[in-house]
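Protein sequence lines, in the order shown, are assigned to chains V and H. Each residue of the first sequence is one higher than the last, beginning at 1 in the working numbering. Each residue of the second sequence is one higher than the last, beginning at 1001 in the working numbering.
Because the hints were derived from the structure by calculation, they are not lab data. Even glycine gets a Cβ: it sits at the ideal position worked out from N, Cα and C. There's no promise every hint is true.
[Claimed, not checked] The following residues of chain V were derived to be distant from chain H, with all beta-carbon distances above 12 Å:
1) Leu9
2) Asp61
3) Thr88
4) Ser326
5) Ser336
6) Arg494
[As the list claims (entries may be wrong)] DSS-like mimics (lysine-lysine), calculated; alpha carbons at most 30 Å apart, straight line:
7) V:Lys579 x V:Lys601
8) V:Lys93 x H:Lys1167
9) H:Lys1134 x V:Lys323
10) V:Lys3 x H:Lys1134
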Amino acid sequence: MRKGALYFLLVLAIISAIVLYFFRDRRIEAYIERTASDSNGGKVEIDNLHFSVFNLTFKFDRIQWTDPSDRWRNLFETGPVEFSVEATPLFWKKFIIREMKVAGVMAGTKRATDGYWPKAPEEPGLFDEVMESVEKEVRALPVFNLDALKQKANLDSLLNVDQLQAALSAKALRADIDSTGGHWEQFLKTYDAKQKIADLESQVKAISVADVKDLNGFVNTLQKVKDLRASAVTLQNEVATTKKRAGGDFSRLTGAVKNLDNLVKEDIEAAKKKIGLADFDFKNIGKLLFGNPFQDRFQGVMKYVDFGRRYLPTAQKLMAVNKVESPPRFKGQDISFPRTFAYPKFLIRDLHLSAAVGSAVSRNDLAEALQISGEASGITTEPPVYGKPTAFDVEIFKQNSNAYAVRGVLDHTGEIPADTLRLSAANFRMGKIDLKQNKSYLPSQLDGQRGTVNALLALRGDQLRASIELMVDQLNFVFADSAASSDRITQAIRSVFSSVQDFRFSATAAGPTEDLKFHISSNLDENFAQRMRGVIQENLQRAQQELRQRIDKEVAAPRKEVESLLAAKQAMVMNEVNKYEKAVQDQLAVIDAKKQEIEKKIEAEKKKGEQKLKKGLEKLLKP
Amino acid sequence: MFFLQFISKFIKVLRAGATPGQIAGGFMLGFMIGLMPFMTLQGAVLMIVLFFLNVNLSAATFAIFASSFVAFLFDPLLHDLGFLVLTKPSLQNTWTNLYNMPVAPLSRFNNTVVLGSFVAGIILALPVFLLARKGVISYRSGLEKRIKKWKVVRWITGSKIATWYFKIRDMGE
Chain V
1 MRKGALYFLL
11 VLAIISAIVL
21 YFFRDRRIEA
31 YIERTASDSN
41 GGKVEIDNLH
51 FSVFNLTFKF
61 DRIQWTDPSD
71 RWRNLFETGP
81 VEFSVEATPL
91 FWKKFIIREM
101 KVAGVMAGTK
111 RATDGYWPKA
121 PEEPGLFDEV
131 MESVEKEVRA
141 LPVFNLDALK
151 QKANLDSLLN
161 VDQLQAALSA
171 KALRADIDST
181 GGHWEQFLKT
191 YDAKQKIADL
201 ESQVKAISVA
211 DVKDLNGFVN
221 TLQKVKDLRA
231 SAVTLQNEVA
241 TTKKRAGGDF
251 SRLTGAVKNL
261 DNLVKEDIEA
271 AKKKIGLADF
281 DFKNIGKLLF
291 GNPFQDRFQG
301 VMKYVDFGRR
311 YLPTAQKLMA
321 VNKVESPPRF
331 KGQDISFPRT
341 FAYPKFLIRD
351 LHLSAAVGSA
361 VSRNDLAEAL
371 QISGEASGIT
381 TEPPVYGKPT
391 AFDVEIFKQN
401 SNAYAVRGVL
411 DHTGEIPADT
421 LRLSAANFRM
431 GKIDLKQNKS
441 YLPSQLDGQR
451 GTVNALLALR
461 GDQLRASIEL
471 MVDQLNFVFA
481 DSAASSDRIT
491 QAIRSVFSSV
501 QDFRFSATAA
511 GPTEDLKFHI
521 SSNLDENFAQ
531 RMRGVIQENL
541 QRAQQELRQR
551 IDKEVAAPRK
561 EVESLLAAKQ
571 AMVMNEVNKY
581 EKAVQDQLAV
591 IDAKKQEIEK
601 KIEAEKKKGE
611 QKLKKGLEKL
621 LKP
Chain H
1001 MFFLQFISKF
1011 IKVLRAGATP
1021 GQIAGGFMLG
1031 FMIGLMPFMT
1041 LQGAVLMIVL
1051 FFLNVNLSAA
1061 TFAIFASSFV
1071 AFLFDPLLHD
1081 LGFLVLTKPS
1091 LQNTWTNLYN
1101 MPVAPLSRFN
1111 NTVVLGSFVA
1121 GIILALPVFL
1131 LARKGVISYR
1141 SGLEKRIKKW
1151 KVVRWITGSK
1161 IATWYFKIRD
1171 MGE
């Protein structure tokens, strides 16, 4: 036992405490920055952190949180932040923030330095799944090409005739007919039925009933004839089987030739879709116009919902003990156990927030930014342990302008996470919405005055339901090319847009996250249906007819060639087989005739014998 | 230079000075500390024990460095061992109780590598102690002379490295 060690350790502890005390701010700041950056996959920087040991209070001037997808932009940055930590949970290694005040949060600010931080590979999450499903729906939006109606389209430049399924199929069919016909020709060349028929014929000829004199001779000849008949029936069956096989092969080829009609129809439908001449449902105009902007806004909301799903794990995820096969050296894997105390690893009980959101926002220019003010509670890394959902209630507004109310509850306390977000605003100024259209006859922007909006996003497990209702007065559709068009169709379409003053729009997305279904409707749809039907329908039918004729023409020649080739091969093979069939039938008829003749002769011989016997008996019995 | 001095001191200790038990005790504790990841509660406790017990500190320091290297090499095995122990159904109540006690979570016992290396350290402590003690006794009772006769040792002693070694050894005397 070393008594001096006690003094040594005491001195060491005191020196360590002093060093830690004086350098604590920098050490804590560096630790938080490193941990947050690892988790974010982009640099997280804190300015001037100060930690008070005596009342466990943290303060810092600013935190910058780099957007992992754009290292020169912050996902958000804050102004001064202040919070205090509860002491008792620290003994459980838990970090519980009683109350946090965050001021001056701004999203999308530019960074002065590179925010790169090595990012761990992420598994696809809810966001990827939902956005893939949404993109699938948007890709399926009606593609309607009025250019194909406005002028006589050069179909050859739009159609890839070499890729028409019917033409390709006719080529393949020709090869198939050649190959099948060739096979049968070869088969018939070496077919031994011809020889068998000849043998049978010579054997039948060799049987001369006239040369047979007695009953025994007749009986023996009958047996020979019966044997020959059995051989002939076997041969007949063999030829019939060959005929059936050949017939089957040619029936298949005939069916394939007939199927060319269906392929032509499919080619026409595919070409209509590709060129943009699909049958147009005017009810789709809302989907066509607003599908892309809806996707963009939906994507924006889903990013935050996904963030919640990733960082607010459910009990199921929290207690998962799937072994990590190769963790980094000295890092290992943390295993979770059931808690009997209510301290999650990290918790902010209450958060008071003021923020500003907008593209390229700067602190000196808040007039154009959306400002956010509100409260949130129960922000934790372990919702099932805390047992209460994360909730927030914020107001989003522009200076002297719109105000939106956003409320949300992210309930991840049970096995199935349930997230609900609601947004509402009355009498807001809509401003301009980019419609992402590049066709001259469709508007590129929507410019609205005052309106009302109500939106809901509810996600329970993987079942999502999102809806938005928008009502705007004094609406104006802006065209990229403002010059008046001389084209009749474009003029008509533009006039429909110009006549719309009040806009009513509703959209829903519902279903499992990997297979969402969209429904978008607006009062534009009915306007279009009424006013555009006559103008567009006539031109559309003409263009469709042209396309049909062009494809028919392209397929007609190979089709004719295939049909005549098939007929020739089929006739040649089937005639040959029919010949064999007839020859066997002829021999069978001869054999049957001979059989009958012999049987008659035998019958006659029998009668003759009976009479002879009768006469002999009578002579013998005469007295 | 500190490292060379430290090796010199360790070799001197092997030859004379502390008892084989003190050297083996220091080596064993150093081995356990070095096997575990840096900065754990149980590591700190073992450090305090090391300072309080009358064991050889040079041997302990040498063992800390040596077993840190061993821990790096066998890290995947220690992870497997830790996972096995932490997920063993019969121990779940123990771990759950420990997990819910104050201070215990600071030991990071629920980490596979931390617990795996701690368990491995405990299991190997006695064999390491006995082997170390036997090694010191053997070294002092003639193994040193026999080792010096080995061809490879003679080749090394004739090299520049050996010259350095003697310099280091003389520095400590």
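Status of the hints after comparison with the structure:
1. Leu9: violated (6 Å)
2. Asp61: With a cut-off of 12 Å, aspartate 61 of chain V remains clear of chain H, as the shortest Cβ separation is near 29 Å.
3. Thr88: violated (8 Å)
4. Ser326: violated (7 Å)
5. Ser336: Per Cβ check, serine 336 of chain V is inside 12 Å of chain H; nearest 7 Å; violated.
6. Arg494: Check passes; 68 Å lies beyond 12 Å.
7. V:Lys579 x V:Lys601: violated (33 Å)
8. V:Lys93 x H:Lys1167: violated (49 Å)
9. H:Lys1134 x V:Lys323: Violated, because 40 Å separates the two Cα atoms, which is more than 30 Å.
10. V:Lys3 x H:Lys1134: holds (28 Å)
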